[in-house]
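S.K.: Sequence:
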Amino acid sequence: MNALSGYRTKGQLVYEQLKEGILNGSPEPGQRLVIDQLAAELGVSKVPVREAVDRLIGEGWLARAPHVGPYVPKLEPGEVHETAVIRAALETAAIRYAVPLHDAESLSKVGGIMEKMESGEEDYASLNVKLHSALIEPCPYKQLFTMSCAQLEKASRFHTVLRLGDYVNKTHAEHQAIVDAVRAGNAELAGHLTEIHILGAAGKLEEHLAEPGR
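In terms of this note's numbering, the sequence shown opens at residue 1 and continues consecutively.
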């Protein structure tokens, strides 16, 4: 982990650092977090670490068990499926409302993210979040947009799917089809493709998690 810096509180900095690590798979699902060890690694006292851990537990990124302490919960097929169902319902509605309101500036932003995905200059999982957010950003219903982004962030824990077989190429083709529908102003198609994309990714990860020995 990198040393912490900036003008935010130590608790906020630790929270951001730990959350970023969880999203990137370090610590891995099932791994315990030792408060003393984290404090030493980050160069802070145990107090901001405990604050950050408690916050992450409250948000569902971490869990706590007696005699074990805080740990990263393992991915469960049921959780993956439920999150995808909720996310698909919200995001397909958001993108349908967003499509008529996209303009040259917002479409340029979407195109720029797609170019970065193709070049590999940034982490694909992070760019995936940025792309989905940009596609629904013009949605006029801010609560719908906020709820959609919250589920998108929650689904970021499932980035493991990006490492399965040829999935990155498949998902990029699906992204391109959604972007093409948005550019064409076809709200219904954009929503339909988004639903297939979200539920398809969840299904692939569910199959992986259900494999013997996992």
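Be aware that one or more of the hints could be misleading.
What the hints assert, rightly or not - Simulated DEER-style distance windows between Cβ atoms: (1) Glu-20 / Lys-170: 42 to 48 Å; (2) Glu-51 / Lys-74: 22 to 28 Å; (3) Lys-170 / Gly-25: 39 to 45 Å; (4) Glu-51 / Leu-101: 23 to 29 Å; (5) Gly-58 / Gly-25: 49 to 55 Å.
What the hints assert, rightly or not - Mimicking DSBU-like on lysine-lysine, the simulated pairs with C-alpha atoms at most 30 Å apart in a straight line are: (6) Lys-204 / Lys-46; (7) Lys-46 / Lys-116; (8) Lys-10 / Lys-204; (9) Lys-46 / Lys-154.
Please keep in mind that the hints were generated in silico from the structure rather than gathered at the bench.
If you're wondering where the values come from, they're calculated on a predicted model, not measured in any experiment.
We put the CB at the ideal spot given by N, CA and C, even for glycine.
S.K.: If you draw a straight line from the CA of Lys-10 to the CA of Lys-204, is it 30 Å or shorter?
M.R.: violated, 38 Å
S.K.: Check the following: the C-beta atoms of Gly-58 and Gly-25 are separated by a distance inside 49 to 55 Å.
M.R.: Given a distance of about 22 Å, which is not inside 49 to 55 Å, the answer is violated.
S.K.: Assess, step by step, whether the Cα of Lys-204 is no farther than 30 Å from the Cα of Lys-46, and give holds or violated.
M.R.: violated, 39 Å
S.K.: Given the range 22 to 28 Å, decide if the beta-carbon distance of Glu-51 to Lys-74 lies inside it.
M.R.: Holds - the Cβ-Cβ distance for Glu-51 and Lys-74, about 25 Å, lies within 22 to 28 Å.
S.K.: Between Glu-20 and Lys-170, is the Cβ distance one that fits in 42 to 48 Å?
M.R.: violated, 26 Å
S.K.: Hey, Lys-46 versus Lys-116, does the alpha-carbon distance stay inside 30 Å?
M.R.: violated, 38 Å
S.K.: Tell me if the beta carbons of Lys-170 and Gly-25 are separated by a distance inside 39 to 45 Å.
M.R.: violated, 20 Å
S.K.: In this structure, is the beta-carbon distance linking Glu-51 and Leu-101 contained in 23 to 29 Å?
M.R.: Distance hint for Glu-51, Leu-101 is violated at roughly 40 Å.
S.K.: Would the pair Lys-46 and Lys-154 pass a check requiring their Cα atoms to be no farther apart than 30 Å?
M.R.: The hint holds at about 26 Å.
Figure legend: structure checked against the earlier numbered hints; hints not met, in rising order: 1, 3, 4, 5, 6, 7, 8.
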